[in-house]
Structure formats: C-alpha cells, structure tokens
Amino acid sequence: MLPLSRQNEYRRRYAALTPGWQPSGEVYERLVRESLWPGARWLDLGGGRGGLVELLHGNAALTAALDPDWPSLREHRVPALPRTCGLADALPFPAGCFDVVTASWLLEHLTAPEIVFAEVNRVLRSPDPRAGKPGGRFVFLTPNAGHPLIVANRVSQLAPRLQRRLVPRLYARSEADTFPVRYKANTPHQLLALGRRAGFAVALRCIGDPTYTAFNDALFRVSALLERAIPAQRKIHIVGLAIKQ
4 MLPLSRQNEY
14 RRRYAALTPG
24 WQPSGEVYER
34 LVRESLWPGA
44 RWLDLGGGRG
54 GLVELLHGNA
64 ALTAALDPDW
74 PSLREHRVPA
84 LPRTCGLADA
94 LPFPAGCFDV
104 VTASWLLEHL
114 TAPEIVFAEV
124 NRVLRSPDPR
134 AGKPGGRFVF
144 LTPNAGHPLI
154 VANRVSQLAP
164 RLQRRLVPRL
174 YARSEADTFP
184 VRYKANTPHQ
194 LLALGRRAGF
204 AVALRCIGDP
214 TYTAFNDALF
224 RVSALLERAI
234 PAQRKIHIVG
244 LAIKQ
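The number in the working numbering is simply the position in the sequence shown, starting from 1, with 3 added.
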C-alpha cells in the first residue's frame, strides 16, 4: 500500500533531485490561484467532497460545485458552498455566468468529452476586446493516457474485479471512490483538438511523477531513473489551461 503521506515524501525527495520539478497538483493549484480574483465566479466540476475549493473558495466572490454523486456533495467539507448534483455534459447554468471552471481528475471519466468542452465554453464568460478582458478560463488536471502506467490501467479494465481490488490496495483509496475511466480526453492531441473545436485556445503541460511505483526506497530510485526515459508528451499527468475565444 502507498499512503499519500509516503508518496508525498518521495515527491519531496524527487524534487530535491530534479531542479525545477513540481508535482502536477502544485502546478494545477498555481494555475487556479492565478485565474481567481476577489470578484471571480468559479465553478468546480466533479470535486466530490472538496478538494482545492477547500483551500481557495475564499479567493472568489462565488464558488460553486457540481458533481453527479449526491452523497459526496452532501458530505462536502465546505458545507456553506453552493452545490448542484448534475452532469458536466448538461450544466444547469445560464451562458456566460462563470469566469473560471476547474476540473481535476474528471476528464478521464467522460463518455462524451466534446459535449463537456462545449458546455464549459458556454457557461464561461466571453472575451470583451473593447474592455481588454479575455474570455473565461477552464483549468484541468488529468492523467495522460500515453503513460505506461495508464496503459497498464486500461489493460486492467479487461479484468474489472482485479482493477477494483488493486487500486485501493496500492494507493490507499476507498473502492467506493474508484470510478470507471474512459480516457477519451487524455492525450495532448485529444485535448488540443477538443479545445479547438469547442472554441478555446489551449496550453498544456505534461508532468512526470515517478512516485506511483515507489513502494519502497529501492523502487523509488529505479522509478526516478526510468522517468528520464519517458518522452515529454507521455509524462503521467497533463495540466491544461483553456481560454475561451
């Protein structure tokens, strides 16, 4: 089992060995922080019981959460937060009502990502060139389907019972929080194409992280060495910023 505290310790060790490297979660958090301001209207998609909104909801005038799982929303760790039970492919909000939309660990579960990207674009504010205001921002964090571990995870879907048992045991995650994955919006090529068709300008950053196989010190050292051989476009996580045009 790989508890998060142990994984984060290996991340600190890897950061010390790799100048300039940051975990994808920190890169994502920084992008979200930079996108918010005191008057911002922020929608977080698929956040379940909390996540980054727990830390940053005070940085915006309005923060709302949407998730298809009502039990998770009912247990949200910011109980005063406006919450809506629904799906990202049919957002129950009027056009242009948000400045920022975020999604971490959501895109890999989508069955129709082109619809979701169009819906996110619809609810974001439009650019106002006369006022010098750009369009709203969609910030996301998702696995890269080209990484060897994700490829292995996709293969394990052929044996779903094994997958349901393996993920909680390896990563100390509740089986109830392990949802089906589709990986239809999980390569740089897919994301750039989806963003372009929906009316976004998209910038992506692929970020490596060898700690997912660092179950002990020896495996950490091996994983850190193997990380160097993985091509930049196949690093395990993708952080994206899509700006409405």
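Since the hints were derived computationally from the structure, they do not count as laboratory data. The reader is advised that the hints may include incorrect statements.
[Claimed, not checked] The following label-pair restraints were derived from C-beta to C-beta distances:
| id | residue 1 | residue 2 | range |
| --- | --- | --- | --- |
| 1 | D220 | A93 | 44 to 52 angstroms |
| 2 | S129 | P71 | 23 to 31 angstroms |
| 3 | P183 | T21 | 29 to 37 angstroms |
| 4 | P183 | E78 | 36 to 44 angstroms |
Heads up, the beta-carbon is just placed ideally off N, CA and C, and yes, glycines get one too.
Hints, one by one, checked against the model:
no., hint, verdict
1, D220 to A93: 44 to 52 angstroms, "holds (48 angstroms)"
2, S129 to P71: 23 to 31 angstroms, "holds (27 angstroms)"
3, P183 to T21: 29 to 37 angstroms, "holds (33 angstroms)"
4, P183 to E78: 36 to 44 angstroms, "violated (21 angstroms)"
Violated hints amount to a single one, hint 4; each of the other numbered hints is respected by the structure.
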